[in-house]
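Student: What follows is each chain in one-letter form.
There are 2 protein chains.
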Amino acid sequence: MRWARFDNKGTASYGIVEGEQILPVRGTPFGEWEKAGARQALAATKLLVPVIPPTFYACGLNYAEHIRETAAKVGQPVTLPEQPDVGYRANNALIAHGEQIIIPEDATEKVQYEGELVVVIGKKVKHLTRENALDCVLGYTIGNDVSERSWQKADRTLWRAKNTDTFKPMGPWIETDVELGKLVTRIRVNGRQLIEFPTNDMLFGVVDFLVRMTRYVTLFPGDVIWMGTEGATENLVHGDVCEIEITGIGTLCNPVVRAR
Amino acid sequence: MRWARFDNKGTASYGIVEGEQILPVRGTPFGEWEKAGARQALAATKLLVPVIPPTFYACGLNYAEHIRETAAKVGQPVTLPEQPDVGYRANNALIAHGEQIIIPEDATEKVQYEGELVVVIGKKVKHLTRENALDCVLGYTIGNDVSERSWQKADRTLWRAKNTDTFKPMGPWIETDVELGKLVTRIRVNGRQLIEFPTNDMLFGVVDFLVRMTRYVTLFPGDVIWMGTEGATENLVHGDVCEIEITGIGTLCNPVVRAR
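Sequence order for the protein chains is F and C.
Mapping the first sequence onto the working numbering, position 21 (from 1) lands on 21, and the numbers just tick up by one.
Mapping the second sequence onto the working numbering, position 68 (from 1) lands on 68, and the numbers just tick up by one.
Each statement offered as a hint is correct.
Quick list of in silico lysine to aspartate or glutamate cross-link-like pairs, EDC-like style, CA-CA up to 16 Å:
1) C/K153 x F/E82
2) F/K126 x C/E105
3) F/K153 x C/E82
4) F/K46 x F/D7
5) C/K126 x F/E105
Anything over 12 Å on all C-beta distances counts as not near chain F; from chain C, calculated:
6) G31
7) W33
8) A38
9) K73
10) G75
11) T176
12) R192
Because the hints were derived from the structure by calculation, they are not lab data.
No residue lacks a Cβ here, since even glycine has one placed at the ideal position from N, Cα and C.
Please work from the sequences and hints to get the whole structure.
Tutor: Right under this line is the structure:
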């Protein structure tokens with residue numbers, strides 16, 4: 001099942017995507033819901049960020065090749081994480097499928113995409129086990145962890161490097177029927193494929209993170225966990241269109257503009 | 001004016017604190033509101049976290065003496081921040097005035113308080129100037145940035161060191177009439193005062209952070225910014241009661257228990 005959040009005559013509503021149509025519901029996939037209203041064409045629908053998370057988690061460095069590339073870019077030695085230590089991103093930076101990634105005037109040319117699987121939590125949970133961990137997952141969506149590498153290197157935290165307004169495209173929707181081992185991530189800029197990797201080839205997988213995180217933290221419905229990216233990323237420039245496809249989920253597509 | 005959020009017969013409501021009483025309102029201090037219902041005794045009221053922030057910012061290292069002490073504790077050289085780079089904390093960890101700080105079974109004895117001024121944002125703003133920055137502030141509350149120092153030293157991020165469930169007491173309420181230069185922070189454990197410092201003696205002040213942050217990020221009503229703490233903090237143990245007083249705002253008081 002595919003859950004989208006969309007602009008329903010000025011109100012944010014959830015709907016079920018069926019082929020090229022969307023069926024509005026009353027309620028949300030995180031609680032009670034019922035069908036409400038007529039199907040409408042997906043092509044004529046303004047999609048919104050599929051969920052505004054209570055807490056926005058991000059795994060950061062979670063694929064071997066990307067860690068080597070990032071270390072080189074920021075001038076630090078390569079260190080593979082020894083345990084799944086999660087980090088955070090910020091809601092101000094979220095934009096929906098189709099919305100513009102806006103590069104600030106004073107950013108360098110090193111503004112880069114990162115294509116990520118996003119886990120969407122469906123239930124309030126703590127103390128998950130390896131056996132029951134995935135039961136708390138409502139579904140999966142796609143994130144583009146846009147990053148300004150000079151700020152990532154220079155600042156004490158990742159605040160503006162990763163969380164400048166518009167730097168966190170997420171969508172287009174939440175897919176509930178996913179087999180993690182079969183997913184493939186493909187990143188395209190202006191239609192040209194730059195990166196392809198098996199989505200689940202992570203240093204620490206979804207279950208590893210869920211089990212360790214919930215030893216200490218309660219997860220809530222709508223929390224998201226961005227699982228990291230693979231490969232050597234490249235610069236985005238004004239006029240580019242960046243697409244992150246994860247097979248079986250969909251394609252997150254955002255144009256890039258530079259503020260003047 | 002003092003805004004509290006409280007349990008109003010099972011529903012979270014805002015109210016105005018007047019002396020020893022609370023006057024319920026319909027609406028919130030972030031939008032429209034009107035008085036609704038009879039005053040009730042503050043002593044008989046269950047206070048809630050005064051706001052659940054869309055984004056939970058924290059300045060981290062922002063007082064000179066604390067930076068030297070923390071560097072020594074985690075075995076790193078002393079480096080004073082050169083610019084106001086904000087970080088993040090997580091909503092799962094928030095608890096209200098009076099609720100228990102629960103130390104996990106596997107935490108070391110190095111679980112410590114940090115008493116912090118908390119800025120509560122009242123309006124959606126970007127591109128603030130030094131002249132208008134404080135206009136976006138609804139008021140101020142108090143935070144206790146409880147930290148497990150061995151995890152702070154060992155982990156790649158601060159996730160469990162700072163964001164274990166119950167590690168972020170915030171409250172008791174939001175005070176709108178504050179003169180930053182006159183505030184004094186006092187930290188007491190079991191009634192014994194351990195630290196006292198002029199709250200506004202920060203490396204980078206509230207205006208510095210607001211101006212720099214909003215060059216890149218939009219602040220939203222309800223966002224909070226925890227401004228950091230001063231001094232050498234000490235361990236909290238089972239049975240302790242930790243109080244953070246900021247003169248003119250109030251006192252945030254939480255008992256400490258260790259899980260078994």
